[in-house]
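**Q** Please model the entire structure based on the sequences and the hints provided.
First to last, the sequence lines map onto chains A and B.
For the first sequence, full-length UniProt numbering assigns the number 1 to the initial residue and increments by one for each residue that follows.
For the second sequence, full-length UniProt numbering assigns the number 1 to the initial residue and increments by one for each residue that follows.
Since the hints were derived computationally from the structure, they do not count as laboratory data.
We treat Cβ as the ideally placed atom computed from N, Cα and C, and that holds for glycine.
All clues given are correct.
Here are a few chain A residues that face chain B, going by a calculated C-beta distance under 8 Å:
1. Ile523
2. Leu545
3. Gly549
4. Leu594
5. Val626
6. Arg631
7. Pro634
8. Thr657
9. Ser687
10. Leu688
11. Arg721
12. Thr773
13. Leu779
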Amino acid sequence: MGKAPKKRNLADKVRKTKTSTEIKNNPFEVKINRKKFDILGRKSKHDVGLPGVSRSKAINKRKETLLKEYKQKNKSNKLIDRRFGEYDTKMAPEDKILQRFAMERQRVHDKKDVYNLNEEEELTHYGQSLAEMEKFNDLVNSDDESEEKGLLSAELTASHFGGGGGLLKKKTSGDQQEEEGNQRAKSRQELIEELIQKSKQEKRERQVQKEEAQELTEKLDQEWKSIQALMVKKTPKGEDKPEEKPKLEEYDMRVRELGFEMKAQPSEKMKTPEELAREAKEKLQKLEADRLRRMMGDEVGDSAQSQVHMSADDLNDGFILDKEDKKTLSYQDGKWNIGEESGDDKDEDEEGGESDEEDDGDEEEEEGEEEEENDEEQDEEEEEQEGGSEEGGSEEEEDGHSDLDSEQESEDGERKQEDEETRAKPSKSLSKEELKAQQEAAKAELPYTFTAPESYSDLKDLLHGHTPDNQRIIVARTQKCNHPSLAAGNKLKLQKLFGFLSEYIGELATRSPPELATIDRLIPEMYTLCQTFPDAACKAMQTVLGDAGHSMEEVLEVKGHVAFPTLDMLIYLKVTALLFPTSDFRHPVTTPALLYISQALTKCPVRSLQDVTSGLVLCCLAVEYVSFSKRFMPELINFLAGTLHLAVQDKTSLGYTVVPPFRPSGKCSDLLVLSDYESCKSWSKKSLPLSATHHMDLRNDLDRDHHRLMCLSTCLDLVKRCCLLYKDLVSFTCIFQPIRTLLSKHLSSQTLPELLQELYGEILETISSAPVTHARLVLDKKKPIPLKLLTPKIVEVLDYGKKRGSTREEREKERLKHKYKKEFKGALREIRKDSRFLAREKLSEVMNRDAERKRKVKELFGSLATQEGEWKALKRRKRK
Amino acid sequence: MAPAKKRNVSLSKTTQQSVKKAKTDLNGKVDSILESRKHANDVFDILEVLESEKEKDVVSAVDACSKLFCALLERKELFVGKLPVEEDALSGEYSAEQKYHMFMRHRYNSCVEILLEHLSHELHEVKESALCCLMKFAAGEGQHPLEDLDWSEHYSFPRELIQAVMDRLLSKTTDNSLLISRFQEFLEMDDVRFYVISSIRENVGKVMDKSKGAALPVYQSNVFTLMSNISVPSQQSELTNFMVKQEAKHKDWKAANLNEHKRVFERMWLGFLKHKLPSNMYKKVLVILHDSILPHMSKPTLMIDFLTAAYEVGGAISLLALNGLFVLIHQHNLDYPDFYKKLYNLLDPSIFHVKYRARFFHLANLFLSSSHLPVYLVAAFAKRLARLALTAPPTALLIVLPFIYNLIRRHPSCRVLIHKPSTEDEPLEDPYLMDEEDPAQCCALESSLWEIKTLQKHHHPDVAKAAMLINTPLPEKEDDISEVLEITTYELMERDLKQKQIKSIPLEFETATQLLKGGGGGDVLAQHFCLD
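**A** Quick look at the structure:
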């Protein structure tokens, strides 16, 4: 069934092509549609038409359908063809014929041979019995036939195609003797008979030969069979056979098994350290590009989205692709990696360039990599956890340290990366680990699970009385135990935990003495929590900043000035910088934080050495905040200049203006003037403690002077950093004019330690080396608005025949409209043609009918005329 | 501790009881005095209590006194006219009735004296009740004058009493601002106000002459508090509220004449301001000058000297004097030479940090809104403001930048400051002279506003965006400065803090490991500070 239509189609096609080529060759049938333009690349289907053919086709079709209908019109009677499958269009005609034949035979058979038991009908093929053919005696038959067919004896050809001439010739040449005897007897008929006889004889001979050969082969077969039995017994194969069979099965089974087995996937190539490093670098560059884009202040949304991409496998468990990422970032003068690349060898440079280019295009790929790394991280983490639980049974102390160890590892990694070494991690010394473990064992053992604190006091109770390290472990374990994937409410709990932690940090900073070491230990936990719940972290920090800003504003409104922020606020500001990017053009947390710093630097009067220290911490923070983006912060410069002003001894002729909160002269304007210049000699630079911002015990003048010198050196270093940061600003010299005057005219005359003198020199050099001249300001060039042009707009069209400049839906609508129009026109045309055809048919019918009538009338007239004539003749005859 | 406390408690209990008793006593005595003259001598008891140490007793005694003497005044049982000395009165041939009146008048006078002394009492309660009592007496005296009034120009107003109250109120040693604010309710009455004003003037003249030019901060602040509370009504018809009603010759009464009020008011201020003032007093005066002094003066131009002197002082005082000067220039046709030059020289970094920043920029905006100003001047202002903007906090920058843009918009020839396509492209040094005092000489027009270019890198996004405007031609419409004048840093912070539609918060991608390490630009904090 399935094959038949195909066949027919093929046949039709062949027939059609045949006719079409014939027709096409006929120039009278072909109509060529003239093209106005030759359009390159367009395939035209309708350049040649065959109007005659298509018309006849149409007419034939109508005759088959419309005419029939017309003929059947107003007729209630109908001829129904009851032949099998007559109206079944699905059936192939061959099938129909076959079926009909079978049915016919069955009917005949049923009637005749109902009682015929033995006799079977003999099946024939080409008139020969099939039963006989089944014997396959006639093996050489085909050969025979070909031989027979290929036999082209001269005689035969002559007899067949010679037109009888040959035979006549023969007769004239070869049988001359008989010519004399029976010339008449040997007529053409006789010759033919003779020929037939000859061929029959030949045939008989050949048949005999064949039979003989047949017999011989049969004989040979029998003989072979007898021999074969012997041979079979002798060969050892006969014994192997039964063994071989199961073997084969096994093999098959194996093969099948292999076939059904999961095919081994090509595994990820093990990455070489170089590749890993490059990947890390590329990712960093991408992140960095993001950061830069945010810094410029455009398209914040995009970058943010790309950053928080989560893979499908991500469990939202706060694992951040990090560890090795963080180290290779090398910054030089705020330009990421550019300086470094130029410093590095060309190879790396190229890589950088490539990756830059790839950045845009291969985001997906990179995301994929991210996912991978995520997974890797997770795996690692899981291993770590597993390891922890395993160890938990045997060596609890070890477990307690697993986090720290991993931390250490990462630090190791960091160091390694910094050295740009790509060797495997150096295995840590066991002894150190053991030592640590012992130490840990000595301490009180910590439980392994913690419930997440529901309130701030819960957290405080939880952490109370533990060492900083243990506090960190507790927080880390709390985080793990209350992982969002473990229970439904955990996410909320951990989000709260961040708020509590930040509150806790604030409290730690306000204690006296401040427990800064604990804060330091808690920072990584804060960071991970922040990465997991950015929204909660953002909210928490915003509240802290908002409250601080609000209270400062309130005090300002009442008093006009305000005390310096306390240590906890300074810590909060620093933590903000650690958790959120400071370089963004606008960021919901860091922008207010920087504003807060700026306000503190402008509104807080400096009244004591503590105030100076607090101010300098704020300045440090401010420098950190703006160092990536190199943003200009007037308050910072003002404050630094003011601080330097505090160290000026002689305040009579200044030559610069002091900006509030500092005053040119007054009660607290000599804070940094040394009481005794001898103390310079015993001074050496070391770090100031952060706690000095709110509490200091300086017993004597020497201590105080040392502190002053510390402040001065810090201040000068910050000035130096600022110089480098703002070197590219247009008004650089104006900005640093007061500082320059301060340093060159006032401070340099004082005897200060050499270290400070050196710093002066550097700063002054930087300031004086800056360019003083600038190009004039010009507005950005704007594209001129073009005049309205009347010439046609020429657009390069690349996709012909496609409508552009609309959405998909519109295009689809257009297409459907067009199609409908086409169809409608076509239908109209068809209907017209139909009616024309019918009219023609009707006309011809009428004409036929008229002609018939005419003929009949004529006939009648004729018969009447003859009748009349006969009658007249009879009359005439009678008259005669 | 405990026994002492107990003692205290018991003590207070006893005092309470005694106060109660005293009160009932005093009230009984007052009633008895008023009932019959037999008990007239009880008044000595009352006066004795009035002078006692116990504050509560004093207060109740003051109440009793006010009740007693007000009733007596009403009954006209106090002697009217020139009072003879007490001994004479008793020995002289007066009727018993007259003698009683004289006796009571003497008691009244001594009571007033004690009350005046109480005005400088330590305790506010005492002061306050004494003041109220005195004012009641004044009202009573106004109704039932104790003098013969035929010859007096002040009609029946107890001028001496008011004068005496003023002398006490304007103390040289104690800050009476609370009492003065209590006194304000009496200033509602037009005649009281009138006589208070004139007595202040007299008092100031007297005291300051004595001090010989030296400033008396406490006294002056008292005077200022009192004077700043005085406001003259703007229309004659509003003069209706009098403490003492004058039936006859009301029209001629000075206290009922608005112009007289204004004249006295003006003389009071001029009298006060002609003496040397401490600088914070200067500021206070200047702050209220334009809206509570100048409009109430009959000749505001008399203030010119004071204002120009203040304008010359420099700093914040000059800024504040601007407001008064503006009123004079604007409404009273004052011609002030070199006004703009002085305004130009007022511009220094501190204008961005002082409290009166909003007021200053509001006025400067007004002064520079004139389109008849020369270009060089406007350019000089723009350039100087831009230069100063390099030291300004973000809130000030949000004022200054639109301010400069408005200047450029009003004076299109100043556009060269931000757009000067020069023929030769060679860079040049800033020709502007910051130290030059004359705006005509400072070469501002030859310069460009590179400072604004610098501010495009400002740390606050709003400021940076505002500074970006100079990259493109400025839009025609002027910026409304009044919106940003009062903006505070916290409001700026809130813009970011209260932002709702944050899609996702960008995070730091460098892992934080330690407090001092990382976060922004390296380890600046770690280099200079350590944890412990």
